[in-house]
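Novice: Spelled out, the chains give:
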Amino acid sequence: MDERKIRVMVGKPGLDGHDRGAKVVAAALRDAGMEVIYTGLHQTPEKIVETALQEDVDVVALSILSGAHMTLLPRVLDLMKENGMNDVLLTGGGIIGKEDMAELQRMGSGRLFGPGTPTQAIVDYIHEWAGERAAPRA
Amino acid sequence: MSPTIEETRTANGGRVTTTARDDSPRMKRLEERVRAWEERRAEQSVRDLDFTTTSSMPVAPLYTPLDTAHIDPLEDIGLPGEYPYTRGVYDSMYRTRLWTMRQFAGFATAAETNERYHYLLAHGQTGLSVAFDLPTLMGYDSDHLMSEGEVGVCGVAIDSLADMERLFEGIPLDQVSTSMTINGPAILFLALYVAVAEKQGVDSTKLRGTIQTDPLKEYIAQKEWLFPPEPHLEIVVDMMEWCTRRAPLWHPISISGYHIREAGSTAVQELAFTLADGFTYVERGIAAGLDVDSFAPRLSFFWNAHNDFFEEVAKYRAARRIWARHMKERYGAKNPRSMLMRFHTQTAGCSLTEQQPENNIVRTAIQALAAVMGGTQSLHTNSMDETFALPTEKAVKIALRTQQVIAYESGVPNVIDPLGGSYFVEALTNRMEEEAEEYFRQIEDMGGVVAGIEEGFFQREIAEAASRYQAEIDAKRRVIVGVNEFIEKGEALEIPILRIDPRYEREQIERLEKIRAERDSDAYESSMEGLRSAIRAEENLMEPVLNAVRAYASVGEIVELMKGEYGTWREPEIF
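Residue numbers (numbering that gives the first Met the number 0), protein chains in the order written: chain A, 0 to 137; chain B, 0 to 574.
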């Protein structure tokens with residue numbers, strides 16, 4: 000049975016430097032037993048995907064509060080598709096708004112989490128996603 | 000017979016608290032009655048909650064003269080406008096003049112923001128405050144790769160002097176005071192403001208306002224540094240020195256705790272880390288050969304106003320006292336104006352909720368009240384919709400009216416430091432001062448603020464405090480109305496949200512290309528060369544930067560040149 004820890008990359012795309020949420024989530028995921036690769040601030044979509052491939056992550060978790068998410072996240076999704084990262088989850092959160100979240104999910108992202116989300120909800124979501132990936136329903 | 004005051008010092012995990020025993024018969028009777036009251040209270044049920052401040056500091060259910068017997072009303076508390084300024088920086092405070100109502104504003108491009116400034120001024124705002132977009136804050140031009148999708152979204156896009164002139168069109172700079180929230184490229188923006196004033200025929204000696212500048216808190220919290228710490232600190236000294244000569248009414252720096260708090264620190268950490276940053280700037284100024292009294296009067300501060308009402312009031316009072324004491328006793332300031340911790344306050348953005356946003360109006364009002372009761376010189380109140388976007392006109396008007404209701408209807412500004420003498424507030428003020436001093440010792444032991452930044456001390460403290468706060472919320476030990484209690488499932492958003500049209504980015508880029516094409520390229524080239532030479536010769540950079548902005552060099556071009564000379568900086572990855 001695969002005992003490998005879930006590998007999550009946590010980072011921030013674009014110029015937004017407000018990393019309180021990213022750090023709190025990274026710590027919560029680590030405390031929940033996941034392997035967290037924290038890539039920090041000012042990441043370009045290209046760098047994010049490059050690091051995700053290098054680190055062989057299961058989950059890419061991005062935090063963005065600047066309002067530039069509809070420019071940056073679709074680009075990450077495109078690059079993930081180009082690189083065949085079909086079983087890697089893109090999740091994240093910040094100031095994204097429900098309409099934009101729905102649009103991004105239509106484009107292929109996983110669930111996104113806004114202000115007020117309990118950290119356990121994010122942990123549970125990733126565990127659930129990992130479980131379904133390991134044992135996909137027929 | 001006069002009472003005897005004994006001091007007993009108890010150490011508790013390194014902290015030293017002083018309690019005094021006043022043996023007068025009255026105090027003895029009080030002690031007995033407090034004991035009896037405690038016994039009665041112990042028999043009653045207690046709500047299942049942690050009665051702590053946001054600094055996880057337990058607070059007692061009651062404070063009495065027993066808690067303040069050791070506090071000297073003259074030496075420790077004093078009077079407003081008198082050392083150590085615990086009660087206020089001025090003799091007369093709001094009796095003479097209310098705090099400045101200064102709403103942070105900026106979005107899209109200079110034209111739209113200029114319109115918002117005229118709106119706010121017409122509605123009774125008394126000072127301007129500029130919010131720049133992320134590309135501008137990070138020193139990138141609007142057409143840079145990193146700027147895509149970000150132009151004008153979080154603030155106003157300023158690429159050159161042309162934008163700056165448009166931003167202040169119709170606003171005479173000798174008649175307003177302006178605060179500019181920008182740090183990495185601060186020296187450029189001071190120069191830009193001076194250059195706009197020049198075009199208006201206003202001399203720099205008349206300019207009133209503040210530029211945030213504070214690089215140390217960038218490494219600690221806001222993360223908008225451009226270069227490594229040393230060059231940024233040298234630039235701070237350049238700006239301080241230039242202002243003493245050419246802009247004596249201007250504040251070249253706003254030593255900030257707001258962002259440290261927003262990043263998740265406790266109130267005590269906000270207090271201690273901010274003042275430690277301030278001490279570092281003072282030390283750098285003195286080390287550069289400046290007389291402390293020549294620049295210290297123009298140092299200003301910027302604090303957060305978070306939810307825990309009395310903790311915030313105590314924080315501001317403690318800050319005033321600590322700053323005055325250190326400036327006088329450690330740095331040898333002689334001019335009383337060098338000892339004044341004058342400050343702007345912003346209500347806590349991080350306390351606002353996306354759920355039931357109208358509740359944010361209430362949070363902001365309580366926080367604003369704490370800032371006023373703490374004696375702030377200037378105040379920004381957040382709008383209820385700021386968890387979603389930049390504020391709409393209506394939301395920001397309510398925020399401004401909040402200040403006006405406090406100012407004119409609450410009666411609070413009528414009395415100076417009205418909470419002075421409160422057993423609780425005086426005890427808490429003292430306690431926060433003691434805990435801050437504990438941090439100062441730690442910081443000194445590790446070699447100072449810059450050493451602490453490089454080894455990640457502040458970042459780690461803040462990350463831990465942020466995680467702790469979130470854990471309290473997750474476990475419902477800390478209630479946030481609408482978020483983990485009093486929830487409305489499936490609530491629909493009923494307030495309008497500001498959206499920034501992507502056309503602004505395109506238009507801004509076109510404008511920038513036109514500026515570059517039409518400027519005097521010789522003037523541009525020689526001013527940039529002059530800046531490069533000045534950096535290498537370690538001269539004061541203000542005049543060279545002024546020349547560059549006058550020649551319509553863009554923000555990105557100037558910053559790129561400076562990065563070429565100074566390098567950049569990567570932070571330790573701590574979470």
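Hints in this document: simulated from the structure, not taken from any laboratory. As the structure is a prediction and not an experimental result, all values here were calculated from the model. Careful, some of the hints might be misleading.
[Stated by the list, open to error] Quick list of in silico lysine to aspartate or glutamate cross-link-like pairs, DMTMM-like style, CA-CA up to 20 Å:
#1 B:K327 x B:D173
#2 A:K97 x B:D292
#3 A:K97 x B:D500
#4 B:K333 x B:D90
#5 A:K97 x B:E572
#6 A:K46 x B:E570
#7 B:K475 x A:D30
#8 B:K475 x B:D47
#9 A:K46 x B:D47
#10 A:K4 x A:E54
#11 B:K327 x B:D47
#12 A:K46 x B:D90
#13 A:K4 x A:E81
#14 B:K198 x B:D173
#15 B:K393 x B:E433
#16 A:K4 x A:E34
#17 B:K333 x B:E392
#18 B:K488 x A:E49
#19 A:K97 x B:E487
#20 B:K475 x A:D123
#21 A:K97 x B:E490
Novice: Just pull the numbers of the violated hints for me, sorted ascending.
Specialist: Of the numbered hints, 1, 2, 5, 9, 11, 12, 13, 15, 17, 18 do not hold.
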